[in-house]
Amino acid sequence: MGQETRVRTGARAVMEVLQAEEVELVFGYPGGAVLPLYHELARTSIRHILVRQEQNAVHAASGYARASGKTGVCFATSGPGATNLVTGIATAYMDSVPVVIFTGQVPTSQVGSDAFQETDITGITIPITKHNYLVKDGEELPRIVKEAFYIASTGRPGPVLVDLPKDVALALCQTPVPEKVELRGYKPTYQGHPGQLRALAKLLQEAERPVLFAGGGVVASGAEGYLRELAEKIQAPVATSLTGLGAFPEDNPLALGMVGLHGKPCANHAVMECDLLVGLGVRFDDRVTGAIEKFAPQAKIAHVDIDPAEIGKNVRVDLPLVGDISCVLKELLPLVEPATHPTWLERVKTLRNNYPLTYGRGGEVRPQWVIERLGEMTRGRAIITTDVGQHQMWAALFYGYTEPRTFISSCGLGTMGYGLPAAIGAALARPDRQVWVITGDGSFQMGMAELGTAVEQGLPLKILLFNNQSLAMVRQLQHFYYERQYTAVKFTGNPDFVRLAECYGATGLRITKQEEVVPVLARAMQNDGLTLIECLISEEEMVYPMVLNGAALNEMLLPE
Amino acid sequence: MKRTLSVLVENRPGVLTRVAGLFSRRGYNIDSLAVGRTENPSISRMTIVVDGDEQIIEQVCKQLNKLIDVIKLSDITDDPHVGRELMLIKVNADPAVRGEIMQIVDIFRARIVDIARNSLIIEATGDADKIDALENSLRPFGIREVVRTGKIAMLRGAKTKGMEASGDGTGD
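Chains A and B are the protein sequences, given in the same order. Residue numbers for the first sequence, in full-length UniProt numbering: 1 to 560. Residue numbers for the second sequence, in full-length UniProt numbering: 1 to 172.
Calculated from the structure, these hints are not laboratory results. Incorrect hints may appear among the rest.
Said to hold, decoys possible - Label-pair distances were calculated between CB atoms; the ranges are:
1) B:G27 / A:Q469: 48 to 56 Å
2) A:E208 / B:D53: 29 to 37 Å
3) A:K70 / B:D53: 51 to 59 Å
4) A:K187 / B:Q59: 19 to 27 Å
5) B:R37 / A:Y482: 49 to 57 Å
6) A:P194 / B:R156: 30 to 38 Å
7) B:Q59 / A:Q298: 50 to 58 Å
8) A:Q191 / B:V82: 32 to 40 Å
9) A:L477 / B:V82: 42 to 50 Å
10) B:E145 / A:G112: 49 to 57 Å
11) A:Q191 / B:D53: 30 to 38 Å
12) B:R156 / A:P338: 52 to 60 Å
Backbone N, C-alpha and C define an ideal beta-carbon position, used for all residues, glycine too.
This is chain B alone, in the form it adopts within the complex (with noise of 0.2 Å):
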């Protein structure tokens, strides 16, 4: 079972090792997790991907809250929300397959980034799933290389998973 976590913490040097050190050092599964600064430059938002059973979320949570720069943890896996993760994919692109990749790229609503003789690198954002079927529409092609950044997530409409409210927020 995977759960997305919003953690906000500490903005300061060493508080990523403290997350990414309990994780190995109790033997939980991280599936990601993406990082940076919030609104409040002392304030830095995780988003964690967490695989495990029922058990091991609680104890994740608990022991993540038990860190002194955690300063907020929300499950906000089954809040409705908006999940993203950038990727860029290089790719094998001989000019005879150019048109055909072009077309792929367009019905994923991705953009070409970087045009080389032999090979195209394309950004994509949207959900895993999504991320997913595209590197499988491109692996035919020849995958060179991929980069993903991990889940990041926002609650939708006005709701908040900071410290306080900042304004009102529109469905996407």
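Next up, chain A with everything else stripped away, as it sits in the complex (with noise of 0.2 Å):
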């Protein structure tokens, strides 16, 4: 840019790199020691969503980030708004979504001293984020503020953390932003390594039972295009981990749909039964695994990642490939011949037709099948956010997702509360797809104060809250590993969710009935305001199917 050097404010050079990285919105909260970036911020036109509390901002940005594939970002004060940030921060960290966090920090010279509202907010979140800066001088403020944004969206996203002290923001920087960035210490590997990539391309060739397994990776590098070609041009079934939900068509013929601990009976055995499995940007979680020395026994483990401490973390892998999982699928889609499996695809046939995904009888108002029906009535085509709990596998189960990017949740983490603020930001990225917010009561309450978010904001966000008046996934575990003994699960002070809807200006339907389903989908679905449809179902539902502890993945209970 050959840029005349400027003098203004730390706050200003950091609007300037927001800018340069063309920011359209930034989520927060505003509080002393955060007001100098306010400032700026008020004179730029970049848009603020201002949040009921701060995790939900951090949440929002990564609803943005996973809706959008752009990086999400967030502001909050020093002290407790910081660590309000942390479950959010964690949230993102493990499902790599990338976030941009600004905090404000009290002034230099009072940092250490224990002030009012200071807290170490870059000690807290060491272990949470990809990276985090405490900026001393702000002559460094345009570099470190471009170095966040190129470590949260490059190699294996995550969130970095700038915590910015008030006198820093207000002082006056002369440094223009830098046009490049340079970290020795930091050179992601894209391009897979050319003899790895022929043995990958060799071992596809000689399986009789291949299963590609695809994760978030898959989604984050946007490969959706090469994954299917592949799988089409080798014959080979796709399972997804949850993360990887969209990442492959779940009407074709060839998806699995979704393997683990509560994954499709049919992945779970394919997975179980292949000679070679190709994990591909995953991170074989223990929730997809089952147990390990059970896992996919007769396979050969091949593993593609960006990030190389994935690889043989929590597997042994015969074939270890490090690269972006796009390059690495373009490169290796002329290496390998097309292929047929006629055996492998008819025993996977017969296990689709045998283990199909079932749930059983019982309620007045099956969860499972309203999933379903929302499913075919969007044509797979809305964006799902969930929260965390039996409602969360049921819409990773029984939904059918086409298309990378519409199911967003908190996957590795697990965290209640996530979905209505992660609609919100998802909502903001996306305006020409519907949002729904899939949710129970327990994880709803965690987070619904930013109906008040949604509101202001005038997003249509559908909300299909299954209310149970319990934790029914915690009680879920009591029942298989507690003696049926239900403790701490039962709420009686559960508000009337219509109602509250209604309160704040949206509108609220209820489902008590089968028949009442589909019409009041289809209402809330024409409803071009925020539609709460309060679900009432039974407590004894249970998420089906599921793996107990230290049993394979094919050892699988089903429903009876």
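Dock chain to chain to rebuild the complex, using the hints, since each chain is given by itself in its own frame.
Shown next, in the form of structure tokens:
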């Protein structure tokens, strides 16, 4: 740019970087120490979304990032503002979501003195950020903020925090924004090693029962097209992780769906019977593998990931390949010959027929059935965000995702209260799409104050709230592991959620009988304002399949 | 299995916390960690001795490499290298046994760096075995205090584990 040196405040320099990075909106909550940033933000065209609690600012930024593929940004003040971010940052870290977080900090002269609203937020967030900074010199600010965006969005994406003391934000800074980022300790590997690529092609060619296993890395690198091409070229079935939902269209005949402790029976059996399992941007989480020593016993395992530290961390790997999934698949495709595996595909078909995804009987309204109808009515094209609990697993199993970036959930950390703020971010990122929050009464109450934000921003979110007046996933664990002694899982003080929605100026609807499901869903879809549907279900609902502790993936409990 | 890692890091505040925190957080055992500035003032070198099986060492190295402030990491255990540790040891030394202690200090090519009425401070450098042996030899006299630096290490010959080669080296 050959920019001349201009003197401006540190806060102004931050805005310069935000504008250069084409940041459109920022989620946040102001406070004394971060006011210099807010003062300058008001003088830009960047939109600010005022949330109701800081944690939700990060959640909203991560929902925005996941729906759009861009980097989410949020602001909070020092001390309690910063510590309220912690769960949101950890959530983004576990799911590798690119978010840049700015926190205000007490002036440098007071840092370390236990000043009013001071916390060591860089110290606190070292384990849950990809990197973080405490800026002590305003002249370093343009470089640091540029680096923060670069680090958050490249390689394996993740949250980066910049802690900005008030005096540094106010001090004059004359260093221009650097044109390039140079970090001698950070050089992500994108291209796959040619020898390893050939070796992977050979494994794929030799395999008789291959399974491709796609995770969040496929979505993050935009590799869904290459994945589909590869799967169809070599006729290999594709399983996904929870974060990988949507990476492969579930209406494709090769789709197995989600694998894991609550995975689809057919996917779990296929993983246990395959002779080659190719992990693509997955981390073989313990919720995926079941008992690790019994996982994929007949398979050679190939693992492709941009983060070398993921390879060999949880499972033994026969073929490691470090690289970006898109780059790797693009280079791999010409190296593999078209193949067919008629016997294997026949076996997969048998598995699918013998072990369909079912949910038994009982209860007036079956949540699984409701989600299936929602999937049909939106043709799998709505963006779904969820909270954490039984509803999350039903949303993962019964909706039928056909596109990437349409399933947004706290997969790794399992954060209740994620769904609504994430939906706010997603709706702002994708105004062209309907956004549905699938939630439960437990989770919803952790984030429901954000109804105010959603209404204020005019977001036509649809909230499908399954109310069983209990923490039924915890109840399910007590059912199987604690002799059905149900402790501390019953809510007796729930509000009337329909009236709650109405009191925010939104529309509230209720489903109590099965025949109401389709008309009420249709009414919500036609309503152009925020709509909450309370769906009353039985607390005795279970999530099936379920793999108990210590069992292998194919030793699932299924509904009777 | 003990491995010696030579790690170049940015010379910035907080880097030691990131490295040490990574070990405690992930449950790895640090045997010793020594850190100091290199010939380039913007770079520090950490010499980390870590104990664990092959899988743990691999994870330690990969996780360390993920830190943005880690510039370069080398496992130099199997390369010929000079490894040294410095120890200061304060030992009881009545006039009656002082001569005996001085003999031991001579044998280990250590030095007496402070004399008080009933005690001595001895300075010794060497590999961990030698330092352990000296400490054991002095134990019967009564050890009052021991301070050890942890291992620092450098590759033998002209090879470096730095950012660039910095001239010839000769064997020790």
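Here's how the hints hold up against the structure:
1. B:G27 / A:Q469: 48 to 56 Å: violated (40 Å)
2. A:E208 / B:D53: 29 to 37 Å: holds (34 Å)
3. A:K70 / B:D53: 51 to 59 Å: violated (42 Å)
4. A:K187 / B:Q59: 19 to 27 Å: holds (20 Å)
5. B:R37 / A:Y482: 49 to 57 Å: Once the Cβ atoms are compared, 56 Å apart, the range 49 to 57 Å for A:Y482 and B:R37 holds.
6. A:P194 / B:R156: 30 to 38 Å: Roughly 34 Å apart at Cβ, these two residues keep to the hinted range, so it holds.
7. B:Q59 / A:Q298: 50 to 58 Å: 26 Å Cβ-Cβ, so the 50 to 58 Å window is violated.
8. A:Q191 / B:V82: 32 to 40 Å: holds (38 Å)
9. A:L477 / B:V82: 42 to 50 Å: Taking Cβ atoms as reference, A:L477 and B:V82 lie about 56 Å apart, which means the hint is violated.
10. B:E145 / A:G112: 49 to 57 Å: violated (31 Å)
11. A:Q191 / B:D53: 30 to 38 Å: holds (31 Å)
12. B:R156 / A:P338: 52 to 60 Å: Hint holds: Cβ distance 54 Å, inside 52 to 60 Å.
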